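Engineer: The lines below spell out each chain.
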Amino acid sequence: GESVGLHLPTLSVQEGDNSIINCAYSNSASDYFIWYKQESGKGPQFIIDIRSNMDKRQGQRVTVLLNKTVKHLSLQIAATQPGDSAVYFCAEKGGTYKYIFGTGTRLKVLA
Amino acid sequence: SQTIHQWPATLVQPVGSPLSLECTVEGTSNPNLYWYRQAAGRGLQLLFYSVGIGQISSEVPQNLSASRPQDRQFILSSKKLLLSDSGFYLCAWSTGQGDTEAFFGQGTRLTVV
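So the protein lines, in turn, are chains F and Z. Under the working numbering, the residue at position 2 of the first sequence is numbered 2, and the numbers go up by one with no gaps. Under the working numbering, the residue at position 15 of the second sequence is numbered 15, and the numbers go up by one with no gaps.
Bound conformation, chain F alone (with noise of 0.2 Å):
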C-alpha cells in the first residue's frame, strides 16, 4: 500500500563495505519495480529496474534482487561510497499508472 506516515530506518555502512537494501512490496500483481536514490532537497532519482519476469539484475556497483514468492526487493551497492549517502526507495507498478512507493531507507555511509 502506499507509504505514508512512516518513519524511515536508517542503514549505516563502512566506506568500502557493501549495503543491502531491503523492501517488502504489498502488491503480488506488481510487475515492475524500480530502485530510485533521493539526495537532500532534491527529487528522486533512477538506480535501477526489474521486471517480474527477471530475479536479478545487475547494473554498475549495483545489483537488485526480486522474490515474488514473499514479494521481497532488494538493493545492493558494491563498495560503498560517502557520495552513496541518501535516502533510497523501491517502487512498484503493475497493470495501472499508479507508481506505489516503499517506506525508504537512509543509508549512511561511514568514513
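Think of the hints as simulated: they come from the structure by calculation, not from any bench. Be aware that a few hints might be false.
Here are the in silico distance ranges between beta carbons for each label pair [as the list claims (entries may be wrong)]:
1) Z:W7 x F:D17: 32 to 42 Å
2) Z:S17 x F:R57: 23 to 33 Å
3) F:P9 x Z:S84: 22 to 32 Å
4) Z:Q70 x F:E15: 45 to 55 Å
5) Z:V15 x F:P9: 39 to 49 Å
6) Z:S57 x F:S26: 37 to 47 Å
7) Z:V12 x F:S74: 13 to 23 Å
8) F:G16 x Z:V12: 21 to 31 Å
9) F:N18 x Z:K79: 26 to 36 Å
10) Z:V12 x F:K108: 28 to 38 Å
11) Z:P8 x F:F46: 16 to 26 Å
12) F:N67 x Z:K79: 18 to 28 Å
13) F:H72 x Z:G96: 37 to 47 Å
Computed far set for chain F versus chain Z, every beta-carbon distance over 10 Å [said to hold, decoys possible]:
14) Q14
15) G41
16) Q45
17) K56
18) Q81
19) P82
20) G102
Model, not experiment: these values are computed from the prediction. Note that beta-carbon positions come from the ideal geometry of N, C-alpha and C, so glycine has one too.
Given the structure of chain F, go ahead and fit chain Z onto it with the hints provided.
Structural biologist: This is chain Z only, laid out in the frame that chain F set:
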C-alpha cells in the same frame, strides 16, 4: 532529451491562502503525469495522476486539486491552505507506453505558516 521543470523551488504561504504549483515536461508527447507529496523524513504519497489532457485521477481526498490544461503541463492547486499541507511536492512523468521508470522534478518545498 526530456526534461521536467517544477516551480517554485520553495514557497512559504499563510494558512487560508491559495496555492498553485506548476510542472511542465519538455521533449515528449502525451506523458503520464504525477503529483506526489513527501512529509519530512517520510515516503512518497501519490496525490494525483493524469494520463491525458483534462483527465485527473485523485488518490487521496484532501484540500488539493490538480489540473492538466495542456499535454505537458500539470498544476497542483488549493483554494485555502492548511498547516497540514506543508511538505515537499514532487511532480513526475512517465511515457504512456509499457513499463518504464518515472522521472521526477526537483520538487517544491511548501511551508504553510
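Engineer: Each of the hints needs a verdict: does it hold here or not?
Structural biologist: So, going through the hints one by one against the coordinates:
1. Against the hinted window of 32 to 42 Å, the Cβ-Cβ separation of W7 (chain Z) and D17 (chain F) comes to about 40 Å, which satisfies the hint.
2. Taking the beta carbon of each, S17 (chain Z) and R57 (chain F) are about 46 Å apart, not inside 23 to 33 Å as hinted.
3. Between P9 (chain F) and S84 (chain Z) the Cβ separation comes to about 24 Å, which falls inside the hinted range of 22 to 32 Å.
4. Under the hint 45 to 55 Å, the C-beta atoms of Q70 (chain Z) and E15 (chain F), about 47 Å apart, fit the expected range.
5. Separated by about 33 Å at the C-beta atoms, V15 (chain Z) and P9 (chain F) break the suggested range of 39 to 49 Å.
6. Checking the proposed 37 to 47 Å range against S57 (chain Z) and S26 (chain F) shows it is violated: the Cβ atoms sit about 19 Å from each other.
7. As the Cβ distance of V12 (chain Z) to S74 (chain F) is approximately 39 Å, the hint placing it in 13 to 23 Å is violated.
8. One distance hint, 21 to 31 Å for the beta-carbon pair G16 (chain F) and V12 (chain Z), is violated here, with the actual separation near 42 Å.
9. Between N18 (chain F) and K79 (chain Z) the Cβ separation comes to about 50 Å, which falls outside the hinted range of 26 to 36 Å.
10. A hinted range of 28 to 38 Å for the beta carbons of V12 (chain Z) and K108 (chain F) is consistent with their spacing of about 30 Å.
11. The beta-carbon spacing between P8 (chain Z) and F46 (chain F), approximately 24 Å, falls within the hinted interval of 16 to 26 Å.
12. At roughly 46 Å, the beta carbons of N67 (chain F) and K79 (chain Z) sit outside the given window of 18 to 28 Å.
13. Range check, H72 (chain F) to G96 (chain Z): about 29 Å between beta-carbon atoms, so the 37 to 47 Å window is missed.
14. For Q14 (chain F), the requirement that its beta carbon stay farther than 10 Å from each beta carbon of chain Z is met, with the minimum near 24 Å.
15. With 10 Å as the threshold on Cβ separation, the claim that G41 (chain F) sits away from chain Z is violated: the shortest Cβ distance comes to roughly 7 Å.
16. With 10 Å as the threshold on Cβ separation, the claim that Q45 (chain F) sits away from chain Z is violated: the shortest Cβ distance comes to roughly 7 Å.
17. Every beta carbon of chain Z lies more than 10 Å from that of K56 (chain F), the smallest distance being close to 17 Å; the non-interface claim holds.
18. With a closest Cβ-Cβ approach of about 23 Å to chain Z, Q81 (chain F) is found to remain outside the 10 Å limit, as its non-interface label requires.
19. Its beta-carbon lying about 21 Å from the closest one in chain Z, P82 (chain F) satisfies the requirement of being farther than 10 Å from that chain.
20. With 10 Å as the threshold on Cβ separation, the claim that G102 (chain F) sits away from chain Z is violated: the shortest Cβ distance comes to roughly 7 Å.
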